[in-house]
Amino acid sequence: MSDDKPNVLFLLSDQHNYRCVSHRKEDGHPVRTPAIDSLATNGVYYSEAYTPSPLCVPARYCLLTGRHAPRASAWGHSYVLPPALETIPETFSDDGYETCLVGKMHLGGNRQYAGFDHRPYGDLTGKAGHQHEPPGPNNVNLTSYVNDVGVSEIPESMTQERRVNEESIAFLREHRASDPDRPWFLCASFCRPHWPRRAPKRFIDRYDAETVPRPDAVDGDASDHPLTNYLRNRYGTAEMTFDESMEARASYFACVDFVDEVIKDLLTTLENDGLLENTIVVYTSDHGDMIGEYSSWDKHIWHDESTRVPLSIQLPEHRSNGLPAKQVSTPVSLIDLYPTLCGLTNVARPNGLDGHDLSESIRSGEEPDREPVYVDYLTPLSNDDMEYRMIRDGRYKYVKFRTLSDFFFDLENDPHERTNILDDAGGKRASIRDQLSAAIEESLDFEAAVSSRQKADNLIGEHKLGCPEGTGNAYHLDSGRIVDADTPLYHPHVLAEDPNEVYDDYPYEVDSGSFANGDGLDW
Numbered sequence: 017m018s019d020d021k022p023n024v025l026f027l028l029s030d031q032h033n034y035r036c037v038s039h040r041k042e043d044g045h046p047v048r049t050p051a052i053d054s055l056a057t058n059g060v061y062y063s064e065a066y067t068p069s070p071l072c073v074p075a076r077y078c079l080l081t082g083r084h085a086p087r088a089s090a091w092g093h094s095y096v097l098p099p100a101l102e103t104i105p106e107t108f109s110d111d112g113y114e115t116c117l118v119g120k121m122h123l124g125g126n127r128q129y130a131g132f133d134h135r136p137y138g139d140l141t142g143k144a145g146h147q148h149e150p151p152g153p154n155n156v157n158l159t160s161y162v163n164d165v166g167v168s169e170i171p172e173s174m175t176q177e178r179r180v181n182e183e184s185i186a187f188l189r190e191h192r193a194s195d196p197d198r199p200w201f202l203c204a205s206f207c208r209p210h211w212p213r214r215a216p217k218r219f220i221d222r223y224d225a226e227t228v229p230r231p232d233a234v235d236g237d238a239s240d241h242p243l244t245n246y247l248r249n250r251y252g253t254a255e256m257t258f259d260e261s262m263e264a265r266a267s268y269f270a271c272v273d274f275v276d277e278v279i280k281d282l283l284t285t286l287e288n289d290g291l292l293e294n295t296i297v298v299y300t301s302d303h304g305d306m307i308g309e310y311s312s313w314d315k316h317i318w319h320d321e322s323t324r325v326p327l328s329i330q331l332p333e334h335r336s337n338g339l340p341a342k343q344v345s346t347p348v349s350l351i352d353l354y355p356t357l358c359g360l361t362n363v364a365r366p367n368g369l370d371g372h373d374l375s376e377s378i379r380s381g382e383e384p385d386r387e388p389v390y391v392d393y394l395t396p397l398s399n400d401d402m403e404y405r406m407i408r409d410g411r412y413k414y415v416k417f418r419t420l421s422d423f424f425f426d427l428e429n430d431p432h433e434r435t436n437i438l439d440d441a442g443g444k445r446a447s448i449r450d451q452l453s454a455a456i457e458e459s460l461d462f463e464a465a466v467s468s469r470q471k472a473d474n475l476i477g478e479h480k481l482g483c484p485e486g487t488g489n490a491y492h493l494d495s496g497r498i499v500d501a502d503t504p505l506y507h508p509h510v511l512a513e514d515p516n517e518v519y520d521d522y523p524y525e526v527d528s529g530s531f532a533n534g535d536g537l538d539w
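Following this note's numbering, the residues of the sequence shown are numbered contiguously, the last one being 539.
No lab work stands behind these hints, which were simulated from the structure alone.
A portion of the hints provided could be inaccurate.
As the list claims (entries may be wrong) - List of simulated lysine-lysine pairs, DSS-like, C-alpha gap at most 25 Å:
#	residue 1	residue 2
1	Lys21	Lys342
2	Lys342	Lys280
3	Lys280	Lys41
4	Lys280	Lys217
5	Lys41	Lys471
Claimed, not checked - Here are the in silico distance ranges between beta carbons for each label pair:
#	residue 1	residue 2	range
6	Pro50	Asn362	28 to 34 Å
7	Pro229	Lys280	22 to 28 Å
8	Pro340	Ser468	41 to 47 Å
9	Asp237	Ala341	43 to 49 Å
10	Gly290	Asp111	45 to 51 Å
11	Glu287	Glu387	35 to 41 Å
12	Asp197	Lys280	24 to 30 Å
13	Glu182	Leu427	38 to 44 Å
14	Lys471	Glu182	40 to 46 Å
15	Ser468	Asp197	16 to 22 Å
16	Thr435	Lys41	42 to 48 Å
17	Asp224	Asp450	45 to 51 Å
Source: prediction; values computed, not measured.
Ideal Cβ positions, reconstructed from N, Cα and C, are used throughout, including at glycine.
Generate coordinates for the entire structure from the input sequences, incorporating the hints supplied.
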């Protein structure tokens, strides 16, 4: 393997609040994340990293395609990844990399490979692709998103995160045995700390709901906003007691710790196996979580708790002390990862990406020269007025809604976004306000975006996934099968004899009979 074609290990969690890392000493929460900390303090840590959209599926479509939400068809959970859009694994595969996705990607429709060569198993089949307790079909409602907390009763070896580790290690060992000189790109994607907020007992025992830090922001100019109220009512958090909210907060911290231990175990095994010697390691999350700020939970909202994410990139040179560690304070976006990883691996990037290549600044140690960051929420809810585009430029954040009143925040003086200074910004701040408002108006036509979204509705029916919804504790496998998590992955119940009946991007010619009699997957 050539040094100018390093491997890529892409570690992706779900709904990780940017403050929930223990290396953030000034504003961090008291979680224990030594593995994630090590990547940040021995690599490049982006302290002001943003999701392109604070919702699972849209964020992942943007991440995979390097495009802003309107250009990635990132409208909401029910929309499909357009077949015509090239993805980062496709680009790397075309350059000779062997690519693999293990774990959650929450893809709509039947493009379940998203350009990866391999996907040993896919999303959980229950609601929103998560592992609910107790397992069973349709046993989850929106209220349980927040109040399903405490000790997990699923054996730890059967949790999604441990499965991801096992399959990631198995794939890389298989790859080394069969094609050791070929570079690889592996995405290991974990479900936690997304709800349900359950973790093994030893992590839950670390946090007492009576002593965990209380939310910093209880009320403010945005606390009675229609979108905030809609989400409180949708998830039932308006009826949560303070004690219930603190229980959920404590369990969230425990889930973060669990993910970190899983990552530590994965990195340790790969290092001991010699599989990290020429490997770039990335850690990030698709979006954040409000974790009780403004009495809100989940994502969707423009506040930093929802829109900011932890992001670290560690090169082999960082581990060998050839490059110093650095913290970058310039705001960046997850859509920057596509061109940046191309730049770091000498892979030719496609035209039409919206993200910025940060590779030169990573190697030079300089702050990147990047334009302002955009965040889009263009999901159709009960009221279309709630759609917005947010821009972050330096210390200021501007939020423009399709028809509702805008917000303008000074994050340096008001880090928790309590005070909307839209009508109280004089002098230089007024000029910045007007510039940011104009930048959004010039970059996004809301009505044109809605028209594009309506056209994308047609793709939902054309590219429907052929698998029925299973229990909350079963997996889609890449062969078109569904298997309960307590069944060995390679001896499952057969759902479909022909994988092409289920996935239109299934990349192999397969003897379907081999799946029926329990033989393993042949990578």
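We went through each hint and held it up to the structure:
1. Restraint check: the Cα-Cα separation between Lys21 and Lys342 comes to about 23 Å, which is no more than 25 Å; the hinted pair holds.
2. Between Lys342 and Lys280 the CA atoms are separated by roughly 21 Å; this keeps the pair inside 25 Å, and the hint holds.
3. With a C-alpha separation of about 21 Å, the suggested pairing of Lys280 with Lys41 holds against the 25 Å cut-off.
4. Under the criterion of a C-alpha separation no larger than 25 Å, the hint pairing Lys280 with Lys217 is consistent with the structure, at around 18 Å.
5. Distance hint between Lys41 and Lys471 is unfulfilled; the C-alpha atoms sit about 47 Å from each other, more than 25 Å.
6. In this structure, Pro50 and Asn362 meet the distance hint of 28 to 34 Å, their C-beta atoms being roughly 32 Å apart.
7. Distance hint check: the CB atoms of Pro229 and Lys280 are about 24 Å apart, consistent with the given range 22 to 28 Å.
8. Take Pro340 and Ser468: their Cβ atoms lie about 44 Å apart, and the range 41 to 47 Å holds.
9. A hinted range of 43 to 49 Å for the beta carbons of Asp237 and Ala341 is inconsistent with their spacing of about 38 Å.
10. One distance hint, 45 to 51 Å for the beta-carbon pair Gly290 and Asp111, is violated here, with the actual separation near 23 Å.
11. A C-beta distance of roughly 37 Å is found between Glu287 and Glu387, which places it inside the suggested range of 35 to 41 Å.
12. Hint check: Asp197 to Lys280, Cβ distance near 29 Å, so the stated range 24 to 30 Å holds.
13. For the pair Glu182 and Leu427, the supplied restraint of 38 to 44 Å holds, since their beta-carbon distance comes to about 41 Å.
14. Checked against the given bound of 40 to 46 Å, the beta carbons of Lys471 and Glu182, roughly 41 Å apart, stay inside it.
15. Distance hint check for Ser468 and Asp197: the Cβ-Cβ separation is about 44 Å, which falls outside the suggested range of 16 to 22 Å.
16. For Thr435 and Lys41, the Cβ-Cβ distance of about 26 Å falls outside the hinted range of 42 to 48 Å, so the restraint is violated.
17. A hinted range of 45 to 51 Å holds for the C-beta pair Asp224 and Asp450, which are about 48 Å apart.
In this structure, the earlier hints numbered 5, 9, 10, 15, 16 are contradicted, and the remaining ones agree with it.
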